Amino acid sequence: MPALTDVRHAASAEAQVAALRRLKNELVGQGKRKETLVCDGGIDVVVDILSSSEDDDARLQATLIIATIANGGPAFVTPLLAANAPQVLLDSLAHDTPSKRVTASLQALRNIAAAWRASQQSPQQEIHTRLDLFTRHSIEVFHDLLRQSPPCSARMQHLRLITDLITLSVISDTKKAALSQSPLFEILTALLVSHTVISGLVTWQAEGVQLPPPPQASSVSHIISAICTIVEGSAYRTHRFFLSSTVRALFIGQSWNNTDERHLFSARQGFANTGEPLLPVLHIPAYGTTTYHYGSRAFPAMAALQSKHAKRGNSHYVTFDENLAPGGDMDHANAVCSWLLLLARSAAGHGRLVALRLLALVNNSVDAMDSSDAIVGGHRTEYTQKNRERKKQIAVLGVPLAAKMVQIANESKMAEGSSSAQHADDVLVKEQACDVLALLIRDFDELQIAAVDAGAIKHVCPLLKKTFDPVPLAKPMWSARTAGTGKPADLPLTRQLGSRGLPSEILHAMRCRQSALQALAALAEKEDIHRKAIVEAGVVPCIFDALKPFPSDYAETLAKNRGQVVGPKDGNTTAVLLAACRAAKTMSRSVSLLRTSLIDAGIAKPVFQLLHHTDPEVQLAATDVCINLLLEFSPMREDLIAEGVVKTLADHARRSEPALRVSSLWALKHLVSSSPKEIKVKTIEELGTGWLVGVIRGEHLQQRGHGEVAGGGVSVAGLSTPNAAGEQVDLLNPSSTGMDVDDPDDDQGYDEEEEVVNDDEDGEVMYDELSSTHYQASQLRSTIQQAPSAFNSKRYLSSVREIEQNPSLRARQDDVAVQEQALDFIRNLLNGEDCAGMFDYLLQHIGSAKIFELLTEKLVRVIDAGSSTSARPVYGPSALIISTVNILTHIANALPRHKQLLIAQKPLLQAWLPHFSHPDRKVRVACVWAINSLTWIDDDSDRRDARARAQELRSCGIETAVRQLIGDGDLDVKERAKTAVRQFEQL
Amino acid sequence: MSRTPSTATPTWHHFERKLEDVKPSKTDINYLVMDYLVTNGYPAAAQKFAVEANIQLTTDLQAIQERVDIRTAIHSGDIQVAVEKINELNPQILDEDPSLHFALLRLQLVELIRVCMDTPGSDITSALDFATSQLAPRAPTNPQFLSDLERTLALLIFPSDKLDPALASLLDPSLRKEIATRVNQAILQNQGARKEARLRNLVKLRAFAEKKARDTKKDIPDTLDIGLVGDSNNTSNSNDLATNVSDILMSNNSDNDHTVS
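One line per chain: the protein sequences are A and B, in this order.
Residue numbers for the first sequence follow this note's numbering, so the first one is 33 and each next one is one higher.
Residue numbers for the second sequence follow this note's numbering, so the first one is 46 and each next one is one higher.
This is chain B alone, in the form it adopts within the complex (with noise of 0.2 angstroms):
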């Protein structure tokens, strides 16, 4: 990290200097990276990196694996098992959010009706039943419910290239991914453990740190890039930073899982 500091704004300097200083314990950062590990559900690198690192793993793999395996169910479209998977972990997880169950059976819902429109002539009849017995009784319950439910029936209706963007999104695969999300918060939270790695509220606080930096008008560089690769280009905007750069993670952990198990 060298740059070539302005004559004109010697205090550029100044907070690069203090930068320097900054020490971080490798420990530290270790701890960190494996919390991450271990709170988005990465067993096998978990293990692996505990013995590269040498860190005692505090968590039973089997639990991380619980995880993965009901997200796993998630992103591959298979809602029944994963909601068996997590009542066979703590029916509590459902009992306790109606929100998040109405959500997943939802899904699951989308999931049934996407198989008949990509079977052309298919019956829709396991669908409809589906909505009636599992959703309908529920969405008088909450008027978002209801209009959830009538939201995803109209995809019944209409052809699946020719839907208006808030339609088209439930059948995007993001919201898998945003369920999936929620179920795993949803199960960290219910065995007491933080919902988010602490790696995640760091960036979100160093994002809130430099916004406020800025607002207050503090001599600071006017980019101050995390030390990712390719992280140069979408700086442009760096309020944006923090839901960029943690989505990137986000997204290249997730591919390293799949090769790693």
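Chain A with its partners taken away, still in its complex shape (with noise of 0.2 angstroms):
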């Protein structure tokens, strides 16, 4: 290119700056140039010139040429990074650089993180590289370049650049972590803040507090977009956005003279601080008639198993102590969740997608830490009606909004004739309303059920089918010559152009249909009407269509092919795959579709070859999927067993992941359940009965070096138990857990929340010594009936912290999960006919020492009644007791000499004896259950035998348990102990 040749030998500054000009106007919108021009070594050219010249003028000019360069796709990532132009931009962003040119800058970085976001999606894994844009450093430059801005047009790109490079290059936690500790972090939060008060929804009291001057409106979607990426996956993070000390203000400050003003902006109330509601007012029954119906429609029968209070998913994970997280301050939650939907009310477009995708992370946040099942007594029907009233009020104000976007998406034509800024608003709608969508409403049967009566249904399905529409990909420019395709392998990586990625044109579909998949599996999480319905919208085959991977050359195949009609079928994106196997994974759960439309569909074949994927990710969402395809009713059993599944689960379990692992197990078990016996025996072969037991000892956490944390030589850690009086006590010692525990956010150095720790002001509970005393958590929880005032913001969030964060309490959860799916594995195994057989088999394998020794451990308390830590005994976690009970009723119903075995273990009824007073009921149920089989006779000539093992029952105190729970609160205990006590008076 000459004026490539111009800047290398412009004889002067004057020349040199003319040169770039021309050069930059040649290649603006020209992509073929712009690849002569990698391949002709400009790159380095360019970079140079902006790293060291002196001239200001020449080095804009560089700049703008990296900025259009960096428009021309992915492919032009590689030479960029490889030239370092990211940090050498960086680098010019100094306190004395003109406006201009920070704009130019971060354009030009906004560019490459855009390019760069597109090449992430690229089916090929070598050009996955890094991007790093946001160290410690630039942080705090792009903190003072937003700090030091007067409101003119200038400061305000800045703005939206610096909010674009968030969203579009921030992909991991530790960089979310360290970004929502920065100060730029509560810039932003502080700008919404401030935008708010412009536009006149809230006043703004606070006097204490300095908020920035207001960005432009047409900012404010940028800044709520970019709040969300870097919130996104963490309650933690989401509470540090709300809880921040100019979203406090923005509600708190309403209550300067000493009363609380928030439940104006509550959902009865509707946002009526200033005199009229913004919002509409919505009247909601002070105590709900709504009944709410736990567990599964498809086993009506099985909704007494199911927890009351089963959240989120993966309630046995959560078995943390609620004094960690005392329900926080549902007043400032509520109040922030109706902020939340007059913005999206208040916005279109994209600008309305990002507030309700705010909205949902608030609100999913607030309920990951909602603990109202651990709140007694007076409080907790206030705190329940709180929180019912802002999910109603999500329910009729923010649901069918979302739903109307995914309408709106799926109705739009992309119409040629408008402008390229409301296109590109056209295509993030397109891309992200299903997802949204499927946010809001994941996990709240409530919020789904409003959101099919919203129509979604109708407007996800055909979205969704059309991502398989045929896309005619965009023709490339003509070019006089044939491209030169032959690139020497020898050239610097700054001038070969990188791979071209996917076409702009597929990685739309693909995002449309991952976000499709989204809300589909959303919809079918709970109801059997929802997944009938959307099987009836005809998906169910474009299900099976998603669950095939791209092959690992199509970029290049496409390549060679530009300008063809691409195959609706040819492959899918990661995040794709792990769309459709959650959406496979709810859709599975309704008996009837598994073994009809799903098995017609024939899912388990793309399922199980995605249990090979390299993804480590897809490999678990695949295995979600393998347990609800491995129930005994299952029709893809026998196909997945065939195929070698048991090999392939086996192995995942024995790797290091946790989830991994418990998905694993779990899907075992589900596969050993009234499985004929030689497919036990080659499940627990394959698992290996070492293996089977260490892991129920939990040996592995203490190999991984998270056991010694536990202390005092206990090596079966539970994290908490109910203890008799029903309060949960934590079981981590305070030697051990204190904040100073190491954390990666305090290397950070942005934490200022460690002078909380040390802060025992007006005697209040701090963390550490949560786990001795239950009174002082008594106490702090009662500050939730306090005067907002009382409520202290950063102590609570130090707790919310602990909970997501420490890395003990998550190993430790981790483990539980995994013990439970161990032990409900040897329970399956010796389910059925083959239970006696089964047994033996154990016997012979493990030894019968052993296998009672292991029952025992889990059974007995971890900490003793009067000890220096606690006042009380303290259990494990009552999942695995009833786990280990449930396996004491299937020894017990094997055969008679098995029932004699277990009896002669004393120190294992010693050990039973206290849990059939357990505060949790289901506890007691098994108890009972594995007495009225000990207690059974078999025939006459275990008459005698029966005789002797109620004797054994009597003299341990058993007995008088049961006989004791003849008067017990719960219905089924109560009939269940009725039949213990008949049997042993039969006798």
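If you're looking for bench data, these hints aren't it; they were derived computationally from the structure.
Treat the numbers as computed from the prediction; the structure is a model and nothing was measured.
We treat Cβ as the ideally placed atom computed from N, Cα and C, and that holds for glycine.
Among these hints, one or two may not hold up.
Sample of chain A residues at the chain B side, in silico, Cβ under 8 angstroms [as the list claims (entries may be wrong)]:
1. Asn57
2. Arg192
3. Pro245
4. Gln248
5. Ser451
6. Met509
Make one complex out of these two single chains by using the hints.
Following this line, the structure appears as structure tokens:
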């Protein structure tokens, strides 16, 4: 290129600037010329000028050239990163940089980030390079740029570009965490608050808190989008957003005259703080007449076994202590949700979507910390009521809005005549509407029903189908010469184009597909009616097609045939695979569908293939589907076993990722339920008895180094357990878990919460004291009812972080989940006709002494009463106790000699006794069932032994314990206990 | 605005009275005017108005001036300069909007052809070269581009006095104006500003409201003039009101601007 030669050999600075300007004008909008420039080594030249030139004009032109090159797409990412362009651009953002060049640099960075983001979706692994724009230094630079902003258009442009940078380039959790601790995040939040105040939605009364000047209206969606990016994936970060000082002040400022006026913002008052309610006022009956059903409608009989407060899909992981999260400030959370609803209603297009997304994130994170089942007494009703009001408001005002956006996305024609900005907005709405709906309704059956009422299925299904329409690719620019494709391999990376990645049209279809599948997965989560409606809409074949990955050389194949129409079923990006697995998982929760449409669609085979996918996330998602496909009544079980699923799952179970381990064990647990003996034996052989014993004992936990945290030689580490008073007692003993646990955030240096830890004012409970006495804990709980000032948001935040991030806590949660699945695996192994045979197998391979030692370990208290750390004995999590007792029931159901073996285990019986008065009714029921089996007389020959067994039970006090249960408040327990007592008496 | 109310329709009275009750604040109107001046690019007028109405200018005049320069270049047919100035502002504007870029380049081709036709016997090679190097590569990427290019090149074949209306429109100065407006909107949007003045939106809203009112047979006066001189002549079809009026506004003001600057 002649202009490039002129740049290289410019005689003077002026000549160089002129040549750069000419080069820039030649490049804008000309993809082919940009390619030529790269091959001619132009990137090195330009980056070199940017980093070393003294002339400001030359640097500006160089920056603009980088910006326009990056617009060329993913192919330019490799050479630009190889030339270190992002870092050079970041370095050029100094205090004295002229505003114009700052804009250009930010624009160039944004364009690189956009191209990089598109390249990340490519099926080729080798171009998944890292892009690190947010270092500690650059965050400070960005913050300075935003802070010194007088409200002029250049500054506003900086704001939009910086927020775009966050949205486009921040993916990893560590980056998000670093940003959420940074002043940059605070300023973004403050800008959003400032916008709210200037729009007159709330009158600002917090005089002490300084707000930045409000942003342009068009920047608001960019700001919200960046906030969403930072907080997504962590309840703690989301709490940091809505408990930040400015957001707190937005509502708390209303109570200057010492009255809490925040109820005015609630659903019942409709955000009425400025007089007229700004939101429709909802009439929500004080104590609801709505009955909620729990568990699956496909198994109504099992409803009794489901926890009434099972939440967020992973209730069994969540056994943490309510003292850590005493409910939070519900008035504030509700006000924030009303506020976000208001923002959503006052925006349009993508702006509305991002506001709804933030609303969903806030609601979900409040719910994740919701420990309503732990809050007892008078507080609970009001707390639950407020919680319900928020959800009702979202059901009535938020979900229909999201469903409407899906409808708009489905019906939008992408009009040709619209401006490019309008077009870009339409594209984003199309790609994200379903995803936002999914995020909003996931895990809330009430909201799922609201979504279906608003016509969600009707709009999501056609949208999904359309993503399988053939995609005509844009034709490339015509060129008189055919491009010389034979690029010599010895050129430096800065002179080689990278992979083009997937064409933007296909990426768009993939994003739409992923988003629609997410929505389907969420809609099908709880209700069988919804699943049937989805099947009737004819999208099951789409789920099947979405389970097929792209061949790894797909982008190359496409590049050779540009301008062609791409087949709809060529494959899918990883994100689509994950979403398709989720949809398959929730759809397969319906027994009837499992046996009809899903088997017809043949989803077992692609799911099995995904078990071997290279991406661990995909493996996990596919395993989760297998859990349902391997159920006893699933017609796909045989096929999967024939494919070799047992070996694959056993291999996965032995891997170290806890989530994959839990899911694989879970799937195997289903697989051995009512299976022929050969399958059972094969499965346990595949897993290895030694490994299984190790898992149940939690040995790997200690191997990984977390065991020592449990301290005091306690090998069975449960988290917490309800004690006799029904209080949750924390197991973590204080010496081991202060806030001084190594915290990755602290390394980032932005943490201002440390002070909270050592701040023990007015005798309130500190985290590390929580474990010892429940009296202090109750005090903390009671603060919910006090004036808002009593709510210490910093302290609350740190407990939210503990729950989410404390590594030993998490390790133990993971371990409890694994142990539960492993115990249940044994339980299912023993279930059925082969019970005696299987138990003999275990006796033979593990040894009777070891088995009973293991079971006893699960039942004994972990901390003795009267020990230094606890006033009362503490036992393992009830989930583990239930599983253990259920195994005892199965042993008692085997042959008479097995019964005898069990009754001979004196330490086991001693350890078992306290659980007959366990606060959890499910534990008590399980205990009584086991006694029923133990006292059962198999035949006449067993009568004498049975009597001896009863004698033994009497002598160790179990009979008395059972008799006491006749007066139990729970009907199930009571009836079982009556049977047991009758059996005792018949002996 | 005194109108003798017809006795048969006392609701007119009602309407008029309601109208009287509305007292728009002077400041609001001033801000509207200022917004118009800034958005549509009249820096000198904006500066004077700011002093007169005692408004603090939040936009820097430099930014407005840049847009004015680009518009002036397009209006005077100097497309190359306009494109370079846009790229100087932010290459993103044309990089992101191929159809706007194509429209500008085609306009440039039209101007080249115009020069050829105005000077008899001149060489058309420069126009053809430009079409080959700048427009032809883009033509296949969009069917609309291809047909636009073909139509433009047809100008070379037919004598300029016997063009059919579709072709003649290419030579009409209104094409320059139309593209200048699109460029102005694209720049504003790139800077995060509203692409149209609020005043325009208000006029559109008014036309919409009036149409709705007439569609639902609300009792409103047969003609509702907007208070501009010469307005009453062309309000026979009130549905076209908005377009007429806004065009008058536009042309009036652009005349003014030439005198001001």
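Results for each hint:
Given the 8 angstroms rule on beta carbons, the hint for Asn57 (chain A) holds: about 5 angstroms separates it from the nearest Cβ of chain B. The closest approach between the C-beta of Arg192 (chain A) and any C-beta of chain B is roughly 6 angstroms, which is under the 8 angstroms cut-off, so the hint is satisfied. The closest approach between the C-beta of Pro245 (chain A) and any C-beta of chain B is roughly 10 angstroms, which is over the 8 angstroms cut-off, so the hint fails. Given the 8 angstroms rule on beta carbons, the hint for Gln248 (chain A) holds: about 5 angstroms separates it from the nearest Cβ of chain B.
Using the Cβ-Cβ criterion of 8 angstroms, the hint placing Ser451 (chain A) at the interface with chain B is satisfied: the shortest such distance is roughly 7 angstroms. The criterion of a C-beta within 8 angstroms of any C-beta in chain B is met by Met509 (chain A), whose closest approach is roughly 4 angstroms, and the hint holds.
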